[in-house]
Structures are given as C-alpha cells and as structure tokens.
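K.L.:
Below are the chains, spelled out letter by letter.
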Amino acid sequence: MAFEYAPAPESRSVVDIAPSYGLFIDGEFTDAADGKVFKTVSPSTEEVLSEVALAGPEDVDRAVKAARKAFVKWSALPGAERAKYLFRIARIIQERSRELAVLETLDNGKPIRETRDADLPLVAAHFFYYAGWADKLDHAGYGANPRPLGVAGQVIPWNFPLLMLAWKIAPALATGNTVVLKPAETTPLSALFFADICRQAGLPRGVVNILPGYGDTGAALVRHEDVDKVAFTGSTAVGKAIARQIAGTRKKATLELGGKGANIVFDDAPIDQAVEGIVTGIFFNQGQVCCAGSRLLVQESVQDELLDSLKRRLSTLRIGDPLDKNTDLGAINSAEQLARIKTLADAGEAEGAERWSPQCELPSSGYWFAPTLFTNVTQAHTVARDEIFGPVLSVLTFRTPDEAVAKANNTQYGLSAGIWTEKGSRILAVANKLRAGVVWANTFNKFDPTSPFGGYKESGYGREGGRHGLEAYLDV
Amino acid sequence: MGGAPLADVTSSDSSLRRFLHGLPGVDAVGLEARAASLGTRSIKTTAKAYAIDLAISMIDLTTLEGADTAGKVRSLAAKALHPDPTDRTVPTTAALCVYPDMVPTAVASLAGSDVKVASVATAFPAGRAALAVKLADVRDAVAAGADEIDMVIDRGAFLAGHYLKVYEEIVAVKAECGAARLKVIFETGELSTYDNIRRASWLGMVAGADFIKTSTGKVAVNATPANTLLMLEAVRDFRAQTGVQVGVKPAGGIRTSKDAIKFLVLVNETAGEDWLDNHWFRFGASSLLNDLLMQRQKLATGRYSGPDYVTVD
Amino acid sequence: MSESERQFERLSVFKTYKLYVGGKFPRSESGRVYEVSDSKGRWLANAPQSSRKDARDAVSAARKAFGGWSGATAYNRGQVLYRVAEMLEGRREQFTAEVAASEGISKSKAAAVVSATVDRWVWYAGWTDKIGQVTGGANPVAGPFFNLSTPEPSGVVAVLAPQDSSFLGLVSVVAPVIATGNTAVVIASESAPLPALSLGEVLATSDVPGGVVNILSGRTAELAAPLASHQDVNGIDLYGADESLAKELEIAAADNLKRVLRPSPMDFSAAPGTDRLTAFLETKTVWHPTGSLGASGSGY
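Chains as they are written, first to last, in this note's numbering: chain Z, 1 to 476; chain A, 1 to 313; chain S, 1 to 300.
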C-alpha cells in the first residue's frame, strides 16, 4: 500500500478579500480618476478574486504629488524615528504573515509552502534589516549625512509580489525617500494589503502610494517628471526601454532584469545535495524566477548518474492545489505566461532537444505546466539562450572547468550562477571567472536581506539588498 | 560471503579506503535543509491513520537497561502483542528488542506470534570487547532463538581508518547469525560527520548487513531526520547498484507520532514505498508506542487522549 | 468604594530586588543586602550585595550562554534585542519612577531618559546584522587567494556600568556588548542599582537566553576585582570605575590579556558611534587558494 498524502489545505478563511479595491494615494483608498478597473484572478482556478482600480496618468500625477509633499517631512525625520516606523511594519508583517501568505498564494498561484516558508519570512526580514539602517546611514560608507533622492517610482513583477515590494520600499523609506509603487497587473492584492499595514503602522500619509495597473501605468510613472528615482524589476526588454526613456534626465535607476543562470555540476559534487539544488534552482516558484538555474551544466563524466537521480527526484514532486501544504509546484501565474512557456518548450523540441517530464496529472482549470527537462541541448538551442521563466530546465554538458565557465558566460544575461563541487579552490576559481551578480556554491536560490542582489550585463544594474542596496536610494 | 556485492572493493584495506572515500561527499547544510523541508509535510486524516498503524508495526519495542528483569521483558512482550488492550485492531509491533540474556524470556513470551525477537549483541553498546567475546555474545543470542541481531560496529577502528577491520568483524558476526537478520549499528553520534555516516553505510551493506541502524540510544545524539535521510539514500543507491535491498532502522530519540511520521515521509520520498514495510524499516523506540496509541485514539474518537488511557509497561 | 474600604489607604506591596544570573533571580550567595536611597536620602529598597562567589557564578553562566548566543544568527539576535525594546516600552512607568528616584530628576526628565533608553535598544538591535558589513570585508591580497575578514565576539565581557546614569548609561554600555554576540556580567551602579535589577526582569521576558546578561548589584570595587582577574573573562568595560580603580583593574586584566575599554566620560544622550560595538570584537581573517581553472590555462 502506498503512502498517499491526504489533502492538507491551508485555511482560506484567514484572509478576507474585498470584492473591490481602490488605488492607495496619500493615505487613502480612492477610485481611478477615469473610473477604470480590472479583475485579478487566481491562476490555479481562474476564479476572480477581486476588482481593482486601474491607475491612469492622472492618478500617477496625483500619487507623485502626494509622495512629493510627504517627502518634505519624511526626509527631515530623524533616522531613528523612520527606523521605528519600519520596525513596526516588519512586526505587523510577521503578525499577519499567514494571512499574507494565503493571499499571495491565491493571487500568484505559488505553493503555500513557499509563501509561508520563503516569501513572507524574507519580506519581514527585509523590513527589519533596512529599519536598522535608517538611523545608521552615516556608517554605511557613503559619507556623513547622505541625503535621499526624493520620490521613487517603483515597478515590480508578479513572481514575488510582496517580496519585490519589500526590496523596493524598505530601502527607499529607510533612506528618507517616499514612493509610488506599481504592482504587476496579475498580482496587485498583496501590495494593497500592504497599504493597510502602513495604515496600522501609522505611517504618515503619502509616504507610500500604491497604483495597480498595467505596463502603461508603469510607463507613466517612470516618465513623470517629478520622479527622482526609478526602480524596476521585470523583463530585459522593458528595462532597456526605461533606460532609454530616462536618458538625459536626473533620474537614477535600478534595473533588475532577466537571467539565464548556469548551474554547474562538477564530477566531485555532493550529488544528492546537487540534485536538490538543481530542483530548487529551476522549480522554485515554478521557475518563474529571474535568477533561476535554468541551464544545468553537468560534467560529462557524471551526466548519466546525475540525470537518473534528477529524474527520480522530479517524479516525487507534488503538483496541484497551491493551498495544499504538501504541494511543491503550483500554477503558472497567467495564461499569457503559460503560452510563452509552451511556445519556447515547443521550440526546444522542434530544434531537436530531447524533452522529458515525469508522470503527473495537471488540474483541468487554471494555468499549469509540468516540470520539464531538455537534454541534448547545445548553446545554439533557443531553450539554452532565451529566458523561459517557467519550470523548464535545459541540460548541457562540459568536459573541463574552462569549458564550463565559457559556456556559463556565453549569454547576454549575467544574474546568477551555481557551482557544485567539494573542492574549495575550484569554487573560488570558477566564481572569479563567472560574469554573474550572484554566485551560489553548493546551494542555490538563497536570499537574505543582508546580501546584495543584482546582475551583470543585460540582467540589469544596481544592487538590491545589503549595505549596497542603500546606494540606489541615496544622493551619492 | 560468496557473491557479496562489490566484493572486489574489500580485497585490501587500501582498496576499501579508496572505495569509501570515493563516495560522493555530503554537504551538511543541504542535507539538513532537505530533511527539514520534508519535515514540513502535512500528514492528515486518512494518511495519518495509515502512517500511525504503519509506525506501530515498525517498532522494535526496546528495553535495554541494566535493571531489566524477566518480569519487565514479559510485560513489554505483552505490550508488543497487544499495544492497546482496549482495541484489538491495533497492529503488533515488529519486534521486541532485548539484551541476549533476556532472549529466552522474550521468545517464550512471544511464542506463536509474528513479533520477532531482536537482541543487541557484540558487547552492546560500546562494543569494546575481544572479537571472540562478541561472537560468543551473538551465538548465545541466536541459539536462544533471536530472530534478529543488532550489532555495534567498532567505532574506534572506523575513526582510526581501519575499515577492513570493521568490515571483517561485521562479516564474522553475520556468519554467526545463521538465519537471523543482522542490523548493523553505526552509532552515528560518535561517527560525527555525514561523510563518515555515508561511508559506514556502504561499509555495512558491502559486509552483508540486512539493516543499517543509526544508534544505540545510549549517546547524546541518536537518530535524526538528517542522518536517517542520508542512510535512506545509501540503501536506495545500494539497491540501484547491486540489486540488494537493505533495511534502515533509526533508533533513539524518536518519541512522538509527529516525529515518527516525519521519518515515514523521509522513507516515502527518498527510498520509496518498497521500504514502507516493517521488513525494511524499523523504529528503535520505547516511549514512541504510547504516543502513537494516543494519537490513534484521538483519530478514532475526536478527543485528545491522555497518558492514563494507555498502558505503562 | 464602600464605607469600610475608605477607612484606610491601601498598603502597597514592595518588590524584593534580586540579582539576575543565568536567567534566574537569586539572592546574593552572601545573604547580604545594602540600603538603596533616593537623592534625598530616603530609603527605597534593600539591594543584594553580591559577593565574589556571585561574580564567579555569573561568569560561569555567561560562559555557558556564549556558544548559543554567539552562534545565533545576527538576524535572530536583532529580533531578540528589538523584543527587549518592545517589553521596555510597556514598562515605561515603572522605569520612569525608578530613574526619577534613583537619579533625583523630575518625572518628565526621567520619562525622557527612559524613552532614550528604549530607542538605544532599537539602535543596537539594528546593528547586529550590520556591524560585520561595516567592519569586515574582502581583502585584495596580491596572490591567488580569497581573503576575508569578519568580526567575531571576544567572549565573556565584564561591564562596570556607569555610576551616575543608572539606566540610559547602563543600556548604552550593555547593549553593544551583547549585540555583537558577547555575553555580559554587569555590575550595576553602586548607589542606583534598582533600574539595572529591574532590567533583568525585562530581559527574562524578552527571549534573551538566560546567561547572556547577568546583573549584579553591590560594591563595584569588591566585585570588579575578581572579574578583572578572572581567567575565563575575555574583556572588561571599566566605565563605572574611578581612575585609580580602573588602573588597578587594568593591571589585573593584563594577566590573560583581557580586552580593556578604559573609562572615558560620554554624553549618553547623544547618538552613539560604533566604538563600543567594536571594543569587544576580534577580527578573523580566512585565506583560501583560488588558483586557476585548469592546468591547460586555455581560453575555451
């Protein structure tokens, strides 16, 4: 008799989603000036969760004005007082973390195991960390009394909605800026709940403004002439458009864009942990992670052994209801993203790579994609070059460390990489040669508020997290 | 030892060393993270009922005290046969585990049942005795009717790198076992590193162990999710390589149903369902049984049970 | 209120002030107490007069706690210290009264002192996961080596709390010691020990593991001598010692080369720097070869 896990759904009743939400401007929820709204759905069921106001250019202007007005007092507050606001926010997030985890899982489609054990703890930790910086900026290495930039326009993606919000808002507020943030159109809810957290924390009005909307709302925000700082996480194409748009202005920018991370496994790797690292690298958040280890570079001498282990391990992945506490792989965030993954996977097959997925039953409604491996992949294949942003791993081989590094670097991206070997000097030698902003050795997809994150080359510029993350919001 | 898998690696101390040190390394942080992650599985309702009964059926109900008496062993035997006197649907435990001199009592008390008699031998728990004494210990227990022998390896020899000595001792004990199944205890807490535990696992399996077992229960660190996960990987890989299936027995420190179910999840998702049977997986435990029984009562009645509703044996 | 209850004023319950050692609240091993008075000489309480043996026990407790506290993540230590601030905030009134009585200042001034003290905890809570980033870093050595310096706590630190600033001063010297992962044996202000002893009650309910902070009241000179010469104490902050005592203690501390922070008066109301954080930190530098990718040296 097999050990079948009975359904173990997290209770949905911990979160109360209103039928509609407004924009959050100057401390209040308001309708869009032109009255437009859009719906946000749960990607695992296609159920409509709520109707959300859609911010237009007029709303952007209103929000930027509110942020500008709030900036005067906020930036003049002693750092210790700003710190205490951020500590309050961090604590309230901890208190409400189960509610927010369930909300995020509903709106994004990722498993509750991840929102509960990864997203939410990291969100709270990020606010804690930057709270502590607010009164220590003199010690951050940017000279005495470094000044904030002003109003930050921030545009975030749908893959880690609340975590990306934290990465943007926490350092901005700690350094004395005020913000206007646009969440992604498919995942606006946690940002709107965050607005309520700001209210509970007593944050002065206008310091944080939230404008749900599509790409054109984001573009309007970036374009607004009274925005001093642009922070964007998303696709490389949009990142380049932003870089062009702000050319010749005073606006400072942080861009955190795409990636095609190489996960390099040497023949002396701790093999069981490497298999786990590969799985975490590409199947965490259904592979919808800019720093995913989407290219597995395995030394030819251990290829068969590793792939056998990997396939056996993938057969144990549990796919389905994201609210089930035992689910490892949830839904793809949107129909649009699912279509993109399908197109790229089909291209991989058409170009001659060998496709494999474990036996698994996918739910009939919602957006789903089975975990997928491509073997016999070469550098020339589309699946080795394009960012798929889904649960699709391309397996390539190498013979020597030189070759591994050359292949790993042979991409326009440069966000992340992984190295698996028990030999310390090889880790450091390879890490030195990799053109990537984050290099994980014998681990993958690890994040910490104290650790800077960001890319080389077309993966963007600027760093978020750590002491380095302050620089992006200071006039230095 | 005819037909022993991987026989060539044991041709000399150096070849055995090369083999064991050629096994893939273990990254401790990654191993522990995986064990912890599997520990978050939520086992509810029907799955929990299944897991509780499976866990009960896998217990080597153990008494290994200097103060053991025939009375104590008889009372534990009764518990093994009928863990919950108020509910005859509760499965028996897998075995009763006692010192060699208590084997006759255990055999008599369990006669006619499926419950095995296991005996710790080889100068348990330290194992610090001459080989002849250890073998006599085993012979004695087997002659008295033990179905299973739980031996300890020579940790001193292992840590000093005398792998062949450890190997030969296991082989010699195995030869004394006859039909009895041999469980080889590594005392993982004393081996200290995960690399050592992986090496010991392979060493034990190559030497003919029927089971590999974490610990004696007599040291500070006994069975943990991480060391058991590592041993489950070893038996999985050993079968893939040799076709021979070896059992795993975590022992010591597993006291609650919640813990036991976590271990079963490790088995399920690492070695696989072929090991979800008391022929291939055991818990070395004593107080665990009553907690499983209380949880079982809770599932049946919806009320939380209390220690007055299970027997103290 | 009924007629009968109006006959008398309710008699208050006095608190027995106790030491705080190893997470417990013992009386002094010596059985001695001494009178603590307010600025006008009115009796406030009897404080335990600790002995050398209490000091010894406190060092044992601090040593026992060091492994866990220094091994905890910086994030965890930060959370715990922030929790102290939260718990203090809830006991503002008690501390305001104690500070006012101890230091002979008005209630409103004392309240400001307490506010500053809470904020001081918050300041140091935020340092736990930053001090390493500010004081450590990679060193560009001229060779194929990875070279990284990181600060680590010294160990058990004896702290002679300021004599005049019984609460803000106390926290200003204790918090930086434990923020970096040291454990502390604190000698409270001799004449005004009550806020320090009450702080023990706050620490005990703030997730701070027992033994991380140990608080002794008594004669500073009597307690400081065995701590300064104790071979299992790694550092000593002499703030609360006068010039001649400080010199004597510094000589004793030289026996096992304790890290010594000499007394130099500071304005506790001003924003602190990082001096007190770095005073009891060791820098550890790790070398590891990097080498080249392979013998061939080829570019692929």
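Simulated from the structure, these hints should not be mistaken for lab results.
Among the hints, a few may not be true.
[As the list claims (entries may be wrong)] Distance condition first, Cα-Cα at most 25 Å in a straight line; then the derived DMTMM-like pairs of lysine to aspartate or glutamate:
id, chain 1, residue 1, chain 2, residue 2
1, A, K44, Z, D31
2, Z, K36, Z, E46
3, S, K247, S, D164
4, Z, K446, A, D114
5, A, K44, Z, E422
6, A, K258, Z, D117
7, S, K284, Z, E305
8, Z, K446, S, E152
9, S, K284, Z, D328
10, A, K258, Z, D328
11, A, K44, Z, D448
12, A, K72, A, D114
13, A, K218, A, E32
14, S, K64, A, D114
15, Z, K325, A, D114
[Stated by the list, open to error] Which chain A residues stay away from chain Z? Per the calculated CB distances, all over 10 Å, these:
id, residue
16, S12
17, V26
18, L31
19, A33
20, S42
21, K44
22, T46
23, D68
24, N222
25, V312
The beta carbon of each residue, even a glycine, is placed where N, CA and C say it ideally should be.
K.L.:
Of all the hints given earlier, name the ones this structure violates by number, lowest first.
P.N.:
Structure breaks hints 1, 4, 5, 7, 9, 11, 14, 15, 17, 18, 19, 20, 21 and 22.
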